[in-house]
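Undergrad: Take the sequences, apply the hints, and build the full model.
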Amino acid sequence: MSKVLEFEKPIIELRKQIAELRKFSEENKLDLSHEIYVLVRKVKQMERQIYENLSPWQRVSIARWQERPTSLDYIERLIDNFIEFHGDRYYGDDRAIIGGIGSFEGRAVTVIGHQKGKNTKENLEMNFGMPNPEGYRKALRLMKQAEKFNRPIITFIDTPGAYCGLGAEERGQGEAIALNLLEMSRLKTPIIAIIIGEGGSGGALALGVGDRVGMLENSIYSVISPEGLASILWKDASRAEEGARVMRLTAQDLLDLKIIDNIIKEARGGAHKDYDFTANKIKSYISKSLEELKGLDRDELLANRYKKFRNMGIWK
Amino acid sequence: MLKDFFYKKKKYATLTLEEDKKTPSPSVSKNHEKPQDTSHDKIKDSRINPRKRIQAIIDKDTFIEYDSDVESSNPLDFPDYGDKLKKAIEASGEKEAVITGEGAIDGEKVVICVMNPNFMMGSMGSVVGEKITRAIERALDKRLPLIIFTASGGARMQEGILSLMQMAKTSQALGRLAEEGILYISVLTDPTTGGVTASFAMLGDIILAEPGTLICFAGPRVIEQTIKEKLPEGFQRAEFLLEKGFVDKIVKPEDMKSVLAQIIKLHSRDGGIHE
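One line per chain: the protein sequences are A and B, in this order.
No gaps in the numbering here: position 118 of the first sequence is 118 in the working numbering, and each next residue is one more.
No gaps in the numbering here: position 224 of the second sequence is 224 in the working numbering, and each next residue is one more.
Some hints here could point you the wrong way.
As the list claims (entries may be wrong) - Chain B is faced by these chain A residues, among others (derived, beta-carbon under 10 Å): (1) Ala-162; (2) Gln-173; (3) Glu-183; (4) Gly-313.
Honestly, the hints are just simulated from the structure, not real lab data.
Computed from a prediction, not measured in an experiment: that's the story for all the values here.
Glycine included, each C-beta is placed from N, C-alpha and C at the ideal position.
TA: Encoded structure:
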């Protein structure tokens with residue numbers, strides 16, 4: 001790996017030292033096994049200390065990490081015979097949202113997700129995972145199609161937010177998101193939404209009105225980015241770290257606030273350390289959720305979905 | 001293209017509202033070099049207090065307020081939020097950024113919600129979302145038309161994710177209303193932005209807007225920062241949205257009651273207007 005997350009640097013440094021010591025001991029036929037043993041213990045302890053006590057801001061950096069698996073990485077691992085479908089039928093095809101059909105454990109499903117790129121070229125194509133209205137309209141079209149053919153819907157949420165551009169406004173970004181919220185709430189088919197990276201505001205929620213909402217343990221979900229919060233409330237974007245702390249955007253926070261149903265485990269240090277491990281956890285989650293929802297008739301399904309979002313909010 | 005905006009602006013955005021004629025603000029008349037801001041300042045100055053708005057729209061002595069006792073707490077223990085709320089309550093004499101209730105318009109009963117842009121910028125937190133949702137549910141129970149006057153700076157950041165979820169909560173309630181065939185008119189007043197635009201504001205069966213109203217998802221400053229360009233004049237104003245097909249009709253405040261009455265009467269059970 002070429003790049004490392006800032007807070008991992010001490011671990012990487014220590015691992016490098018251990019490697020050098022091993023090399024030195026081999027080359028000089030010196031028995032340094034005790035010294036190496038002590039350092040290995042130390043690095044393991046350090047990993048535990050760092051990875052098990054991640055601050056909200058550290059999780060923000062993992063959630064945004066360039067190497068973090070995207071919707072497509074999970075689709076490749078979880079969905080057989082995936083066929084991507086394109087376009088909203090009104091204006092265009094938005095590459096910031098990927099959608100299509102395939103089979104999950106032998107059952108036909110519709111899968112829709114925000115799509116980020118893995119490098120600059122891809123990110124320019126996919127607009128860094130920030131959809132325009134046509135992206136949301138494509139998602140809605142595919143969701144309606146899923147309802148028509150009685151397929152469950154799986155959504156992967158991973159966006160800094162809906163795109164804030166001239167064209168997006170001109171073509172009704174607000175209307176597109178609003179309509180998705182309304183329509184998702186009454187789609188007569190099970191919806192499982194999973195936040196896999198950044199859950200950026202309305203642009204994330206527009207794929208998030210699910211019967212089950214799960215969240216990867218290092219993903220984030222918030223009303224605005226920590227930078228945005230800091231710049232609006234404190235006129236100082238550099239206080240983003242503090243923003244991340246006070247706005248409660250981690251999976252555990254959202255579970256406590258009853259916004260999400262479950263936290264899905266990632267490989268230690270973040271999903272990017274082991275794509276397959278994380279994909280398998282997601283697989284079990286989808287599998288279990290579909291099983292639970294299977295027994296409900298449509299009225300119950302919709303009534304429960306309504307109740308779930310109806311109960312959100314806290315006041316005096 | 002740009003020329004179009006100038007033309008539109010001449011036609012609509014400098015339109016003088018009744019209240020401006022009476023009290024021209026000195027800062028507005030001085031500001032010759034920034035015509036765009038000038039016209040919007042005028043609109044800002046003419047923002048109508050929600051109680052006055054209800055008086056102007058609802059027949060005398062018919063208004064019954066809902067849920068006036070629902071008050072915000074500080075669910076995330078967000079720094080300074082408690083103080084900000086206290087100040088907003090003191091300054092406005094209101095407990096939150098929306099007033100909800102029922103009353104009659106030209107004798108036709110309706111459920112009405114009016115947002116207050118001067119209470120923490122009309123931002124939507126748990127209470128705004130809850131009061132609006134309850135109003136929608138009452139409209140559903142009583143089978144009454146619903147009117148929401150929107151005015152909001154967006155989500156209330158101090159309530160974090162809870163405020164985001166109010167978008168889903170209010171929108172799904174409107175979904176139920178739609179299924180029952182009950183009329184919902186949203187009236188966009190200055191400013192209608194962010195999470196409110198991306199939920200109930202844009203979900204009206206009929207969407208009206210007051211002249212010059214700023215209507216957007218992302219605010220002009222955010223967009224300028226993103227695209228690193230100045231926005232064309234008139235961008236994101238009511239007239240622009242009308243042109244782009246997102247607003248049914250622009251209605252001046254002084255005509256609002258009669259237009260609402262006309263629409264509601266055309267939706268009454270016998271579907272006619274009887275004089």
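Undergrad: The structure should be examined with respect to each hint, and the outcome stated for every one.
TA: Hint-by-hint comparison with the structure:
1. Restraint check, Ala-162 of chain A versus chain B: the minimum CB separation of about 7 Å is within 10 Å; hint holds.
2. Look at Gln-173 of chain A: its Cβ gets to within about 4 Å of chain B, closer than 10 Å, so that hint holds up.
3. Taking 10 Å as the C-beta cut-off, the interface hint given for Glu-183 of chain A holds, the closest approach to chain B being about 7 Å.
4. Taking 10 Å as the C-beta cut-off, the interface hint given for Gly-313 of chain A holds, the closest approach to chain B being about 3 Å.
The structure shown violates none of the earlier numbered hints.
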